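Undergrad: Protein chains in written order, with our numbering: chain Z, 1 to 338; chain V, 339 to 676.
Hints in this document: simulated from the structure, not taken from any laboratory.
None of these values were measured; they are calculated from a predicted model.
Some hints could be false.
[Claimed, not checked] Computed far set for chain V versus chain Z, every beta-carbon distance over 12 angstroms:
| no. | residue |
| --- | --- |
| 1 | Asn379 |
| 2 | His399 |
| 3 | Arg515 |
| 4 | Asp555 |
| 5 | Arg655 |
[What the hints assert, rightly or not] With beta-carbon atoms standing in for the labels, derived distance ranges:
| no. | chain 1 | residue 1 | chain 2 | residue 2 | range |
| --- | --- | --- | --- | --- | --- |
| 6 | Z | Gly118 | V | Tyr622 | 47 to 53 angstroms |
| 7 | V | Tyr622 | Z | Lys136 | 24 to 30 angstroms |
| 8 | V | Asp391 | Z | Glu196 | 52 to 58 angstroms |
[Said to hold, decoys possible] No more than 20 angstroms apart at the CA atoms, straight line, and that leaves these computed lysine to aspartate or glutamate pairs for EDC-like:
| no. | chain 1 | residue 1 | chain 2 | residue 2 |
| --- | --- | --- | --- | --- |
| 9 | V | Lys527 | Z | Asp74 |
| 10 | Z | Lys249 | V | Glu524 |
| 11 | Z | Lys80 | Z | Asp39 |
| 12 | Z | Lys238 | V | Glu524 |
| 13 | V | Lys409 | Z | Glu199 |
| 14 | Z | Lys189 | V | Glu408 |
| 15 | Z | Lys238 | V | Glu365 |
| 16 | V | Lys600 | Z | Asp274 |
Note that CB positions come from ideal geometry on N, CA and C, so glycine has one too.
There are 2 protein chains.
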Amino acid sequence: MIKIIVDCFGGDHSPEANIDGSLDALERFKDLYLILTGDENIIREKLCGREYDTARLSIVHAPDVIGCDEKPTDAIRLKKESSMIKAVRMLRDEDDIAGMVSVGSTGALVAAALTRVGLLEGVIRPAFCPLLPTMKGGIVGICDSGANVEVTSDYLKQFAIMASLYMENVYGIQKPRVALLNVGVEPGKGDTIRQEAYEILSELPCINFVGNMESRDLLSGLYDAVVCDGFSGNVLVKTTEGTAVELLKKVKAAIFSRTIYKIGALFQKKMFADLKSFMNYQNYGGSVLLGTRKVVVKGHGSSKAVAVQKCIEQAYRMVESSLSAKIEEALDKFDHFE
Amino acid sequence: MIKIIVDCFGGDHSPEANIDGSLDALERFKDLYLILTGDENIIREKLCGREYDTARLSIVHAPDVIGCDEKPTDAIRLKKESSMIKAVRMLRDEDDIAGMVSVGSTGALVAAALTRVGLLEGVIRPAFCPLLPTMKGGIVGICDSGANVEVTSDYLKQFAIMASLYMENVYGIQKPRVALLNVGVEPGKGDTIRQEAYEILSELPCINFVGNMESRDLLSGLYDAVVCDGFSGNVLVKTTEGTAVELLKKVKAAIFSRTIYKIGALFQKKMFADLKSFMNYQNYGGSVLLGTRKVVVKGHGSSKAVAVQKCIEQAYRMVESSLSAKIEEALDKFDHFE
Numbered sequence: 001m002i003k004i005i006v007d008c009f010g011g012d013h014s015p016e017a018n019i020d021g022s023l024d025a026l027e028r029f030k031d032l033y034l035i036l037t038g039d040e041n042i043i044r045e046k047l048c049g050r051e052y053d054t055a056r057l058s059i060v061h062a063p064d065v066i067g068c069d070e071k072p073t074d075a076i077r078l079k080k081e082s083s084m085i086k087a088v089r090m091l092r093d094e095d096d097i098a099g100m101v102s103v104g105s106t107g108a109l110v111a112a113a114l115t116r117v118g119l120l121e122g123v124i125r126p127a128f129c130p131l132l133p134t135m136k137g138g139i140v141g142i143c144d145s146g147a148n149v150e151v152t153s154d155y156l157k158q159f160a161i162m163a164s165l166y167m168e169n170v171y172g173i174q175k176p177r178v179a180l181l182n183v184g185v186e187p188g189k190g191d192t193i194r195q196e197a198y199e200i201l202s203e204l205p206c207i208n209f210v211g212n213m214e215s216r217d218l219l220s221g222l223y224d225a226v227v228c229d230g231f232s233g234n235v236l237v238k239t240t241e242g243t244a245v246e247l248l249k250k251v252k253a254a255i256f257s258r259t260i261y262k263i264g265a266l267f268q269k270k271m272f273a274d275l276k277s278f279m280n281y282q283n284y285g286g287s288v289l290l291g292t293r294k295v296v297v298k299g300h301g302s303s304k305a306v307a308v309q310k311c312i313e314q315a316y317r318m319v320e321s322s323l324s325a326k327i328e329e330a331l332d333k334f335d336h337f338e
Numbered sequence: 339m340i341k342i343i344v345d346c347f348g349g350d351h352s353p354e355a356n357i358d359g360s361l362d363a364l365e366r367f368k369d370l371y372l373i374l375t376g377d378e379n380i381i382r383e384k385l386c387g388r389e390y391d392t393a394r395l396s397i398v399h400a401p402d403v404i405g406c407d408e409k410p411t412d413a414i415r416l417k418k419e420s421s422m423i424k425a426v427r428m429l430r431d432e433d434d435i436a437g438m439v440s441v442g443s444t445g446a447l448v449a450a451a452l453t454r455v456g457l458l459e460g461v462i463r464p465a466f467c468p469l470l471p472t473m474k475g476g477i478v479g480i481c482d483s484g485a486n487v488e489v490t491s492d493y494l495k496q497f498a499i500m501a502s503l504y505m506e507n508v509y510g511i512q513k514p515r516v517a518l519l520n521v522g523v524e525p526g527k528g529d530t531i532r533q534e535a536y537e538i539l540s541e542l543p544c545i546n547f548v549g550n551m552e553s554r555d556l557l558s559g560l561y562d563a564v565v566c567d568g569f570s571g572n573v574l575v576k577t578t579e580g581t582a583v584e585l586l587k588k589v590k591a592a593i594f595s596r597t598i599y600k601i602g603a604l605f606q607k608k609m610f611a612d613l614k615s616f617m618n619y620q621n622y623g624g625s626v627l628l629g630t631r632k633v634v635v636k637g638h639g640s641s642k643a644v645a646v647q648k649c650i651e652q653a654y655r656m657v658e659s660s661l662s663a664k665i666e667e668a669l670d671k672f673d674h675f676e
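Working from the sequences, and respecting the hints, build out all of it.
TA: Written as structure tokens, this is what we have:
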């Protein structure tokens, strides 16, 4: 049985989306056990009348919720009875709980994971690795996308190893093509950190390093994992999402601006629905935190049930594939510092 | 008469696009004088039979071309007879030439502008400021987008002052809303440089600082100028362009995948043409280099005639509005270092 804990509060659609997503995941994976944290009365009420395997779900009462605007360090210190911090504490203390999923405050989750759960042997810093869909129908992981606004080339080396193992073990991509985000494709581009990282990654035998990538090629399908500092990674992911959302809005507004366009769109209903679904990050799960001692998956604050279910699936597959052990093994073998 | 020099070689569509764009600009601005650099025979041949005011155009022979893959420092040292370096040298030496436009190698242009043309009084580093269209029908300037992969908070302060003056004087935007690119909107977000810059910009009386901006909101129309380091600025601009291009390709492929979608698209021909034009960076000119002693505008390597014409227009308007003097004045007044 794989035991995962789901923080049921903190997102825009909590707790409904979290509970619905949990029940969907339970239905899908028969060796999954879920623990839901949050206000027990509310969760029980929402579960009332729903069909699910009661033997594989339990609730832990945690009445507080951490707001997105709360200072992370204060939140984890003062809100011990919040659904997130209680989940983190149980994750730390109970050996049989293998991972957790939260759609709450990112800052609080990173801080709590770092200070309470701790890191895998050899890991310097944990890193987020969200996914985006590529135009070839695949996916690309971006590591780091915001856990570390400042990095060194040693961090980038570890991000590359962890992201490569993640894409291989959780998504079955053989020899993932790992690229370094840079301002040009030629070697020697970028600042000192990028130049050093390029050298290091070129000589790393355990990854399939394919060189620098310019951000315009992120969705090209030529890359499986992109390594970057958390600042530019954050810009990369949010710009992609933002541009896609704004463009689809623009297309919609254009269609509604003239009757003849609306008539045309009647023929394309399914096409636009498919495009919308393709660009909907909810379908690609959350941002896994790589490098923590136990599995931590952060869903978007606006996650609906499908996104929460995907996040739970990600956590499940990370546990199932023994990703953590593989990361420790690779770092032990390929990441020696003098 | 405003005298601008146009490097006619180096881009994907050179020299045709450069020459066509030049003639369009000449037609448009009656007090504009253009000097074209490049292989004189080829330029003369392309001009043959064209109608234009011959009194306002001259050619300077420069047979060499700098390739995009050449090392900038080597190129400017060894390719003295190239269309770009000859243009830069004339810009430096001849008082009556106010600016130049090039669609050639960015690295060579920045290096040449820095070492040959020099900077305005008080400027620490020049910065690129390209434009993107917003969903509200306006534009947003991104400064820096690649001239400085590493910055300090003092650089960011100067970028903010220069970009604000640029958007105001060249595009007539009153009190441009200047934002700092960051990983979240709250003050205190980002690395030390961003935190320092936030403080500095908040207290700067000569700009309308509206706080941090998340990259997903770049196209929202809520900002007129965004200040960032050249690395994340490069990611911001190229991700936006890349996502837009890939999405439009995706829509096109979807339409052609089924007859019924194609039928629908027949009703929407103009709509898709408008959308394509809206997202086409060629219509928004080039990336001006702010802070150099004379005006330097860098067009995209793939610039067609319309883009070259827009670049010349940008250079023209920068000269016409005395932007350089205004930048020097503002830095003198608001940028003191102990």
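Undergrad: When the hints from earlier in the document are held up against this structure, which numbers fail?
TA: Numbers 4, 10, 15, in rising order.
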